[in-house]
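Residue-level listing of the chains:
2 protein chains.
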Amino acid sequence: MKIIVLKFGGTSVGTIKRINNISKIIVSYLKKRFKVIVVTSAMSGATNKLIKKSKQISDKFNDSEYDVLVSSGEQISCSLIAAKLSHLGYKSKSYLGWQVPIITDNAHKSAKIISIGKKVLINYLRQDGVPIVAGFQGISLDGRITTLGRGASDYTAIMISKYFKAKKCIIYTDVEGVMTTDPRIYRKAKKIKEISYEEMLEMSSLGSKVMQSNSVQDARLSRVNIDVRSSLIKSKGTLIKKKKNVRQNNVIRGISSTTNDAKVTLVGVKDKPGVAASIFEPLSTNNINVDMVVQNISPNKVDTDVTFTVKKDDLNKTKKLTKNNKRIKFRKLLIDDKVSKVSIIGVGMITTPGVTYRMFKALSKKNINILVISTSEIKISVLVSRTKLRKAVSALHKEFKLD
Amino acid sequence: MKIIVLKFGGTSVGTIKRINNISKIIVSYLKKRFKVIVVTSAMSGATNKLIKKSKQISDKFNDSEYDVLVSSGEQISCSLIAAKLSHLGYKSKSYLGWQVPIITDNAHKSAKIISIGKKVLINYLRQDGVPIVAGFQGISLDGRITTLGRGASDYTAIMISKYFKAKKCIIYTDVEGVMTTDPRIYRKAKKIKEISYEEMLEMSSLGSKVMQSNSVQDARLSRVNIDVRSSLIKSKGTLIKKKKNVRQNNVIRGISSTTNDAKVTLVGVKDKPGVAASIFEPLSTNNINVDMVVQNISPNKVDTDVTFTVKKDDLNKTKKLTKNNKRIKFRKLLIDDKVSKVSIIGVGMITTPGVTYRMFKALSKKNINILVISTSEIKISVLVSRTKLRKAVSALHKEFKLD
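Read top to bottom, the protein sequences are chains B and H.
Under my numbering, think of the first position of the first sequence as 1, with each following residue one higher.
Under my numbering, think of the first position of the second sequence as 404, with each following residue one higher.
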């Protein structure tokens, strides 16, 4: 069977008009003789309304009942789509999590899929039916409704694609695909045609509006090729697939940037073995994520400066914990929360030498000072002053021919 | 086990505040050591909103998907109640139709209950849990969600009461109980303390705001005693039970009246065997319900006058069908749509002679002309001019000491 999975997000099914519109998309694949499995989110706004109700009942709303409550959102959207297809003369039926069944653990509100029953849907596909599967929900082994965490309809679509060995998994959303950089920061940003899972994960700051990074990771682990595109505009989207299958035109795939980082510098730290661990231990136990770290070479071989970045939200907590840290001694604590992290991302840099040099040169040409550097196999990040953000992104976008 | 079934209608769970309020009612029964099974409707207005959506999708919305769509309403209300009870420290869980399970036939939109599984709920009651059962929904033998028809949460509550041999079934609604007559027509109407199923069925015109007549019939057949009361005001309601268990203070239990009847008279009908059948046959095949019928004695023994009533909505169709009826001959067709049917109802009239006489005398004293009469074992109905409606109800209410 030539199975294709079409997943529609909340905005794609947000109004009756849009449901009519996506029904046409579904029909276009049926006409191409695909066996179509549809996965749908709730109509946009529906889940938020239900969550609001839950908060009015209790600030500690029972997790299991929360799942019963919010899963009603997808129940509505999938019945509307199935009825629309029926109206158009196609055989279609809604399938809720328990009807497929999509078996999960019982970690309510963020359950993981254990297995998906294939018999019911395969049977229906054989009869030329179009199953409309409610995303985001499943059933636990003790027969209770579970949900997979917010935005997890993508997860449902990816797992359905995996279990049913779908030829394609198309994620329809309200954006056209993944962009080379945030168009609000650099207006010449372009849509990326193909990207590897790994690059997509590194671009999470860009990609978050497209797909949540845990869904990308699910796709990577399940080896499901994703096609992200808009349900509102007819145009090719972005293909997310295995590294070796991605066509490589440019060394760099995209540029991501942040505006919610803060830089912390401890000046004159006594340099002795284990001092870094002593600095970061209290932050780690308090769930503060330390991102970039650099330790300067101390001129006198006794003192050293340690610089790191944390999210701005964690800044006050970080200051307090560091000042109260009895295991370290330092002269001064410097804070800079007017910084941005700019990253270039691309699997091409593994095999192409000189990328770091080109990056630094492009920035220095524009008189942009690099405050901290960190690198991974497919990413180079630099911390720059917030005021230089647009200039830095624009310079790098041009340097790596993304325009 | 001392099981009690508490059913809450749409207005009783219409807002978060009201859900908080009914949670207190539930707790009051738990404190009296009852094992409580709650049955709930959707929050008032919720079902109508969903139906509106279905109509926007298609004027022939698929019946099976309609059931998936509208059953989401009870899913929301029962999860909110269960979570509220959890918040208050009680063990509570929502149970949807398929989870109980409530097995139905597959007549979507108006399914009938075939059986109710007892194991799951009994088990939960034994653990001191409070199951909150979604009313109005079930699951068909082929695993699809079904609904039991509008207002059928009462039906769910009655069948649950029957299967679990509940000591009591209390239907909480937004009225205080069943009244002796419509308070808008006669403001001295009183609440009825006890009423038999049969009387309640005859009072359907009064009772419709309280319980639908098919639910009363379900209760009668299942021998479930019903207690109808308000969830908004603390006061005793009306008990609906077996004829022989109803206390009999008055001969007459209540007075019902209609304003949507019309009287049709065929003047000068050729009187021959089978003429009545010829008159009513086309009406019956066109689903027109003929209510009261009277055939006057013809003075010349050749012609006769036939009078009957139909619902005003059916009047035009009735006129057309009768005029086109080739099997009968008549001189004139008279129409009067300014009529009301006033009925006195009470099981007491079976054993008390002279009720008819008292009724007619009370009306004649007030110069109210009786147009048509019809009687059943526990009901006497008269057709009067619409302008005399209030006067007739008031006279009868006094005559039979219902004030």
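Keep in mind that a hint or two might mislead.
In the BS3-like style, the derived pairs of lysine-lysine whose C-alpha atoms are separated by at most 27 Å in a straight line are [stated by the list, open to error]:
1) K31/B with K234/B
2) K55/B with K456/H
3) K32/B with K119/B
4) K243/B with K401/B
5) K53/B with K522/H
6) K801/H with K639/H
7) K463/H with K24/B
8) K593/H with K522/H
9) K791/H with K801/H
10) K244/B with K209/B
11) K52/B with K452/H
12) K612/H with K571/H
13) K804/H with K794/H
14) K720/H with K49/B
15) K17/B with K455/H
16) K463/H with K720/H
17) K673/H with K427/H
18) K49/B with K427/H
19) K571/H with K420/H
20) K60/B with K722/H
21) K456/H with K91/B
22) K420/H with K458/H
23) K91/B with K720/H
24) K52/B with K420/H
25) K52/B with K17/B
26) K768/H with K735/H
27) K55/B with K427/H
28) K53/B with K420/H
29) K458/H with K60/B
30) K49/B with K768/H
31) K52/B with K455/H
Hints in this document: simulated from the structure, not taken from any laboratory.
27 Å limit on alpha-carbon distance, applied to hinted pair K52/B and K452/H: 18 Å, holds
Need the status of pair K243/B, K401/B: alpha-carbon distance at most 27 Å? Holds: K243/B and K401/B sit about 20 Å apart, inside 27 Å.
Are K593/H and K522/H close enough, with their CA atoms no more than 27 Å apart? 43 Å, violated
Given pair status - K455/H, K17/B, alpha carbons within 27 Å: Since the Cα atoms of K17/B and K455/H sit roughly 14 Å apart, the hinted pair holds (cutoff 27 Å).
Straight-line alpha-carbon gap K53/B to K420/H, limit 27 Å: Holds, because 11 Å separates the two Cα atoms, which is no more than 27 Å.
Would the hint linking K458/H and K60/B be met if the CA-CA limit is 27 Å? 37 Å, violated
Holds or violated: are the alpha carbons of K52/B and K455/H at most 27 Å from each other? Given that 27 Å is the threshold and the Cα spacing comes to 23 Å, the pair holds.
Does K673/H pair with K427/H here, judged by a C-alpha cut-off of 27 Å? 67 Å, violated
Hint consistency between K91/B and K720/H [alpha-carbon to alpha-carbon, up to 27 Å]: Cα-Cα ~38 Å, so violated.
Is K571/H close enough to K420/H, meaning Cα to Cα at most 27 Å? The given pair, whose Cα atoms are some 26 Å apart, holds under the 27 Å limit.
Between K720/H and K49/B, does the CA-CA distance stay at or below 27 Å? 47 Å, violated
Assess, step by step, whether the Cα of K420/H is no farther than 27 Å from the Cα of K458/H, and give holds or violated. 31 Å, violated
Checked against the numbered hints above, the structure violates hints 5, 8, 14, 17, 20, 22, 23, 26, 29, 30; every other hint is satisfied.
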